[in-house]
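Heads up: the protein sequence lines correspond to chains A and B, in order.
Going by the UniProt record's numbering, the letters in the first sequence line up with residues 1 to 725, in that order.
Going by the UniProt record's numbering, the letters in the second sequence line up with residues 1 to 725, in that order.
Be aware that one or more of the hints could be misleading.
Which copy is meant is left open, so a pair is good if it fits within one copy or across any two.
Listed below are the simulated DSS-like cross-link pairs for lysine-lysine, each with C-alpha atoms no more than 27 Å apart in a straight line [said to hold, decoys possible]:
(1) K423 / K265
(2) K391 / K575
(3) K616 / K126
(4) K575 / K268
(5) K52 / K391
(6) K175 / K263
(7) K430 / K268
(8) K706 / K316
(9) K695 / K126
(10) K379 / K403
(11) K464 / K171
(12) K379 / K430
Honestly, the hints are just simulated from the structure, not real lab data.
Residues per chain are reported as follows:
Number of protein chains: 2
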Amino acid sequence: MTQVTVGHQANGHSNKLEKKAATTDKVASPGDEQLVLNTIRCLAADLCQQYKGGHPGTVMGAAAIGIALWRYEMRYNPANPEWFNRDRFILSAGHACLFQYIFLHLSGYEAWSLDQVKKYHSPATKGSMAAGHPEIEYPGIEVTTGPLGQGISNAVGMAIASKQLAATYNKDDLKPIDNKIWCFTGDGCLQEGVGQESISLAGHLGLDNLILVYDNNSVTVDGRIDNCFTEDTSAKLVAQGWHVIDVYDGSNDLAAILEGFDKAKQLKAKPVFLNIRTVIGYSSRKANTGPAHGQALGDEEVAYVKTQLGFRPEEKFVIPQRVYEYFSECRTKGGEAEADWNVLFKQYQEKYPGDYKELSQRIKGEWASEGWDALLPSKADLPQAAQPTRKSSGIVVQALVPKFNSFVAGSADLLESTFVSFKDQVEFQKPDSGLGDYTGRQIRFGIREFAMVGLGNGIAAYQKGMFIPIMSTFFMFWIYAAPAARMAALQGLRFIGIATHDSIGIGEDGPTHQPIALASFYRALPNINLIRPADAEECMGMWQLALDDKSKDTPSIFALSRQPVPLLDGSDRSKVQLGAYVVHGRDVEEPELTIIATGAEVARAIETAKLLQTIKRVRVVSMPSQRHFDQQSPEYRESVLKQTSSLVVAIEAWASYGWARYAHASLSMHTFGHSAPQQQLYEYFGFEPDNMATKIDSWAASWKSKGRLPGLGEFEELLLGYVRH
Amino acid sequence: MTQVTVGHQANGHSNKLEKKAATTDKVASPGDEQLVLNTIRCLAADLCQQYKGGHPGTVMGAAAIGIALWRYEMRYNPANPEWFNRDRFILSAGHACLFQYIFLHLSGYEAWSLDQVKKYHSPATKGSMAAGHPEIEYPGIEVTTGPLGQGISNAVGMAIASKQLAATYNKDDLKPIDNKIWCFTGDGCLQEGVGQESISLAGHLGLDNLILVYDNNSVTVDGRIDNCFTEDTSAKLVAQGWHVIDVYDGSNDLAAILEGFDKAKQLKAKPVFLNIRTVIGYSSRKANTGPAHGQALGDEEVAYVKTQLGFRPEEKFVIPQRVYEYFSECRTKGGEAEADWNVLFKQYQEKYPGDYKELSQRIKGEWASEGWDALLPSKADLPQAAQPTRKSSGIVVQALVPKFNSFVAGSADLLESTFVSFKDQVEFQKPDSGLGDYTGRQIRFGIREFAMVGLGNGIAAYQKGMFIPIMSTFFMFWIYAAPAARMAALQGLRFIGIATHDSIGIGEDGPTHQPIALASFYRALPNINLIRPADAEECMGMWQLALDDKSKDTPSIFALSRQPVPLLDGSDRSKVQLGAYVVHGRDVEEPELTIIATGAEVARAIETAKLLQTIKRVRVVSMPSQRHFDQQSPEYRESVLKQTSSLVVAIEAWASYGWARYAHASLSMHTFGHSAPQQQLYEYFGFEPDNMATKIDSWAASWKSKGRLPGLGEFEELLLGYVRH
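Could you put the whole structure together from the sequences, leaning on the hints where they help?
See the structure below:
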């Protein structure tokens, strides 16, 4: 157990700066530091007051932590925010973005001028980068945060990325990767389950390049956290395999913070948690209250704060020149650090040209040279017998992942069921665990689906395009991970999500494990590919689509069957990117009926088509991706669905929601599932071809007799009789 | 810190039964107990082998824990599984359902005959109650579990329910509520974030009626958990405010388990965590491996196990009479316990008739007498000025919650923003906290959205209908809670979900906080009411719908605006239950155009209607609930939308997904949002009435000139020009 105390328990709000300053040679002039602290506090108060909104309290309470980070501890180059070997800073407490914006300005990021910072809470739609939560698009922001807890998972992912790269490319004499990951968290992120999951896994993995800085102000929107959170966080983190450093007066005791950070950088074998007590809204009379968390202080209080801190109430946004001078070293130090690294990397290039080539390619975001898709078996070389699409997807994992270092794969405890293991895989594990080492590209995420995808986002964001994380669990449990998958779509981070056992086809596990509505969320979500392939051939096309450059800013989720599906005569990998295509009955010129189906239901749809009595001119369309189909021209869409002249019916063992855009009727799930073998569930819920043919026949006959196609409001669900008893 | 060790670290698999039996007078005959253990192990092996699937390992490893629970520790009456004051047992490790089924059988639940238990993995669709995960519909099952971690949250909710009832109704001399909540968890639930959140809150609340039994076999699907989980769980739980009892040989040392449970029942002021080490698949050669977790053992191995344990390999499903005799006391004890309680409750009735009346009404699931909705203000008495629907919803919270003890309210740290606080509220807190007491009906869930709803499900399932939990956070964070909301819908548990700040209307917080696609999930999900009211009047109808008896098996989520909306002339609370109705232009007999809108967009739609140039005969429909509209007759639906004769367009600041069923076109969000004041976002994304009128005019004119209505495949999204830059 490592638990270190730095500084002393605070007695009130005594200012310890001068006293402590003498104990470290790092601190410049105590007078300067006090001015800097006061400047930042007044600036935060002004910035929130101008639009009467925002989060001033954290900036005011944690200003000394910010000084320690940006002025002293972190390695970065403000002149080149993208420098590869920079430390990464993740603000998990995203609502405190002003904290980050102010230090980005003071440390010299050109884009973060004072004018820009003053745009806090003014419209992003009119050019403000100072959004209400930090956004990845802007310089110095590593990842978009806001939904609490996820920043911690992103940071753990970044720490994995850095460790994995270091283990892969560093040499005894030359180490191009040796940065640290700093994550700033408030109380909220530590309450959220995803934060807990990530902390647990980081401890297990022993990620000593990760430093989690806890701004322990113990106040949230609703007031003191002791109304809902009274655990001993430091002791808990020790139990979870972390080094813990306690700092007791984080609003003032800069020397103690620096001492803590210095220790944190030296500690080995475990990640480090700094529990730094601060006073939210420090120097305001609203200090230590909920309103200091998420409201502007009010004009009167802002004036009070300024008066207390030696500033003039009538002057706004004041940053004395001495404060800029205090931070001027950031640019110098940063420039030197990058220059040194450039020299090192040049030496690396000369001595290790092969590794250099691969690494520098990956830094540019290129994961493979052209022609990678030739590594996938042709249709003729695919297994010709029926097999689950989860297994067919595994063919691609086997073909590509061992060859390309950009892939990391992993599972939330369903490695074999989801077919993401690969030949000669090494597990990403602590070298002394006996289970693997940090070169490993197979990550055991544990039963932590949300953290898995949050970590994946961190890995993907580490250096965009450098990694393509592959993550897997049953489709149903992509609902646990949905908040993180959404953040990937929002940020344009590519991952591959393997979502197996994707329907009632999971069988005996029953309704708790059978997704009905989840696809509707992913289909409605912007910028994510939800792909449900019909067979092994479409699995090839699905991977091609996801790995294509066109998807480089888009995550993909593959919904895959547990149960075997036949290799279809008409399936065609090249058509998957079109979203839908005619898979059966292409030669039917003027179809009377088009059946759309997806995934495991496509084979059933083809069987159904063959059994129809009323209507003989039938086509079956496989629609692996609604989103890609929507992106096609109206002409292509009409050529596939023939919806202006033929009846169209959709077959899918999920909810009907969303199908009215493509079909006049659907055969869908209208309720939750059941526990039974999959074959019996398909039968029970009405998806047997003979039953479906009967339903469609009767429906089609009635419309035939009406002599017109159904219109708006006439969408029918043909299996409505099948409901849970 | 309380951490107690019971028994000794196991040396191999030595059988400690005989040795320990002498130390407690509770244990009957050691010989019997060994026979019982062996019988259960062989039975589990047989039951999985018959259909070659299932989870035998936990039953075999934890059989002694089951004996301790059902034979000795838990208070319940097999003859009346619904007896109110029974202990509640929650199997959080739902995949180990066979464990529960076997003990339900042995302890004498009539419905759980051996024939019924033998239906494990046979179709629920053909009468099996022995589903792949336990389902609430069946006797002795308190809650449906399976998605890992949620059972723990359900158990914490039940412990809250029991504590709250006890504090409300128990008297010094008569205590009708004094049961315990037992939760059985495996490794997985403890890794899941929702488990962690729930554990943290239970520790904070000091729920000493909760006993969490950790079947610590350290093996999951993917093998040994030390490949991903190496924390010191006992130390962690101590840090989280739990009593911890360690038992080291839980597969054999029944006496130690009993000693632990006895201690657990006596310990006060904190919940109790029993960390019981077991050997998964005990007595098989596959013990301690992943395959023992989730696969049948195979014929050969089943034979081996039986031979080892003194059973005949060729005989299946053998339960010796002595085993039944061993458990016969369960029925006797249970019957006596209930009889005693009936006497007590009779005394309670005589002495405390008022409390008795309310309590017994609530036990029957009746939360209020008729006429409660008269407590809601009439439209004339509602605030006539514009106000946010979140605030209007709060009017109902104020009107009803203080009056009816069935309501518990709470928030994930957004109490005031979501308007779920109420007059004279008492917080549900430890009595010695100084913050409230256990009679409290305001629960501070902390920043733990998923646990909040999991707890709510436990509260709702405690005694169905006895509580109606009200839970709140921003709509966006109902994505964190979605896995639990889904479980409520699956189980038919009523809760009220307050989901405020429901769109880009949240403003400056930006895209991370602006839901786009989430509504599609909730609209597609069976058995949940997603209601988005247009104004204060519809807020009244929304609450009426959710609290009506028709919704007693259905959870509701209210999507509410942060920003003010006017009270609409045409709004009508009585129409909310119809899902949609004409809110403007009712007198327009033959509309050329119908505009559907929801929530805050309805007022904008009415403004838009007034600005149209091309088309003058326009109606506006408010559609607070798609689901309820779908349930109306075709005639009603046609009368509202006039879709066979008029153009229909939908306006909603969410994704267009799903609207093609109701409209020919939509004005929707096509991308994630932005950080800006809400008014500017509505403008930026094209939702200003003048812009919408222009778009609709031009679209309508083009169809007017075509002389027909759009057909399938011609659905248009009229704001597609507005995309994120």
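Contradicted hints - numbers only:
Of the numbered hints given earlier, those the structure breaks are 1, 3, 4, 8 and 12, listed in rising order.
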